[in-house]
Amino acid sequence: MADIWDGLSQAWLLLIGLDPDLVEIILRSLHVTLTALVIASAIALPLGALLAVRRFRIRRLTIAVLNALMGLPPVVVGLIVYICLSRSGPFGVFGLLFTPTAMTIAQVIIIVPLIASIAHQALRELWSDYHDLLISLNTTHFQRMMALLWDGRRALLTASLAGFGRAIGEVGAIMVVGGNIDHHTRVLTTAIALETGKGDFALALALGFVLIGMAIAVNLTIHWLTQTEQEGRW
Amino acid sequence: MSELFPMIAQSAISRRRGKVLIGPVDLTLEGHGITIVIGPNGAGKTSLLRMLHGIARLNEGSIVWACDQEEARQRQAFVFQSPVMLRRSVRDNLAYPLRLIGETRAEAGKLAEGMAEKVGLTYALSRPATVLSGGERQKLALGRALIRSPDVLFLDEPCASLDGPAMRDVETILKNAANDGTRLIMSTHDMGQARRLATEVLFLLGGKIHEQGDAAQFFEQPKTAMANAFLNGDIVE
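From first to last, the protein sequence lines stand for chains A and B. Here the first sequence is numbered in full-length UniProt numbering, starting from 1 and rising by one per residue. Here the second sequence is numbered in full-length UniProt numbering, starting from 1 and rising by one per residue.
By construction, these hints were calculated from the structure, which means they are not laboratory data. Please read these numbers as outputs of a predicted model, since none were measured by experiment. We put the beta carbon where it would ideally sit given N, CA and C, even for glycine. A hint or two may mislead.
Unchecked claim - Simulated restraints on C-beta separations: (1) A/ARG54 to B/GLN69: 51 to 59 Å; (2) B/PHE219 to A/HIS131: 34 to 42 Å; (3) A/LEU8 to B/THR122: 29 to 37 Å; (4) B/ASN176 to A/LEU61: 46 to 54 Å; (5) A/TRP150 to B/GLU113: 19 to 27 Å; (6) A/ARG55 to B/ASN228: 39 to 47 Å; (7) A/GLN143 to B/PRO6: 29 to 37 Å; (8) A/ILE58 to B/PHE219: 20 to 28 Å.
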């Protein structure tokens with residue numbers, strides 16, 4: 001219990017003191033995760049809409065695979081990305097291993113199936129409501145997808161935030177591909193793992209509380225910006 | 001723009017999972033008036049409208065409009081028994097069909113405001129469509145269907161769950177649309193409404209057109225015993 005109080009007070013001291021190392025780690029965590037979130041959402045949300053409106057031969061298989069990949073082990077993703085980006089790998093020439101870009105790539109791979117699956121579930125319901133009307137209006141597949149993405153945007157926000165939650169708390173894959181290099185690829189989760197390994201539980205807890213606070217702050221900010229809870233909104 | 005009518009359906013059949021929903025239907029529709037589709041529950045009224053409009057798959061036979069078939073689809077609209085509300089404002093719901101065909105947001109919004117006035121929803125333009133009452137929803141669905149000035153409007157029991165005043169409003173909108181040149185093909189359970197609106201009647205039974213003819217003549221002197229029994233309120237199947 002003493003460790004928790006120590007952690008809380010140390011987190012508070014780090015924050016009010018604007019510790020430069022902490023600020024750097026927070027900003028890098030946000031940069032990597034939000035970049036991954038934007039890229040993953042740009043892939044996964046249209047994919048969810050496509051799976052809702054199109055009927056094609058391997059649609060059921062695709063949905064089943066996406067659902068299965070929601071539980072993708074991050075360490076395995078990290079290992080695969082590591083092999084691909086290492087000097088002898090197919091993308092070694094780009095020199096991305098142990099960079100924030102590599103961490104972003106790993107996070108994108110981890111959260112695309114999660115966002116796409118949740119988006120598909122939400123848009124499938126909406127599509128069952130809209131089906132007859134949009135067919136009647138002689139819409140193209142693209143117009144149907146756009147209608148679903150726009151009208152389902154609040155449900156899709158939840159999908160994206162679930163992706164954000166998974167990415168911001170991710171440690172296995174980014175440790176493997178990022179290497180937890182000080183002032184280069186260290187983020188909150190890898191710093192927590194490092195401090196725990198060193199036995200500095202108070203600092204590890206402090207960083208943990210900062211991470212939780214940051215995740216809540218980002219969620220609240222996005223809800224506030226999109227005004228999800230205003231009266232008369234969907 | 002070429003002429004849409006006559007529409008000729010020949011031995012048209014629509015099935016679902018192997019079961020015949022409607023047909024075979026042989027039907028010719030001319031380009032004026034209000035056709036009311038009546039019949040007992042399960043007779044195939046909704047299926048007939050959906051097949052003619054192209055929402056339900058045509059498995060056998062043909063449905064041919066006088067103009068290009070793709071153009072014919074663009075010049076039709078459909079109002080469902082349970083109106084589908086897009087999760088947008090009333091204004092955006094009305095503007096949506098126009099936005100689909102490339103109207104600018106400003107122009108579509110202006111036309112939407114004009115249509116809202118026609119259907120009596122000006123006061124609700126900025127409200128989310130999903131909070132409207134049943135009557136308001138049906139008016140919005142009608143306005144959205146009419147905003148592209150369709151040549152043909154299919155209506156599947158549009159007044160099924162409306163109270164008297166709302167039904168009167170909807171019928172007024174329909175009569176105005178018919179006067180403006182829109183061909184109406186509408187199913188209903190309400191014989192009073194059928195008598196008020198119809199210029200032509202299709203009486204369906206068992207997935208087939210049992211009787212078709214001029215409305216006044218049908219209601220005065222139906223040709224078949226089944227139609228006569230139906231009009232007398234007997235159970236027919």
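Evaluated hints:
no.	hint	verdict
1	A/ARG54 to B/GLN69: 51 to 59 Å	23 Å, violated
2	B/PHE219 to A/HIS131: 34 to 42 Å	36 Å, holds
3	A/LEU8 to B/THR122: 29 to 37 Å	57 Å, violated
4	B/ASN176 to A/LEU61: 46 to 54 Å	51 Å, holds
5	A/TRP150 to B/GLU113: 19 to 27 Å	21 Å, holds
6	A/ARG55 to B/ASN228: 39 to 47 Å	45 Å, holds
7	A/GLN143 to B/PRO6: 29 to 37 Å	31 Å, holds
8	A/ILE58 to B/PHE219: 20 to 28 Å	55 Å, violated
In terms of the numbered hints stated before, the structure departs from hints 1, 3 and 8, listed from lowest to highest.
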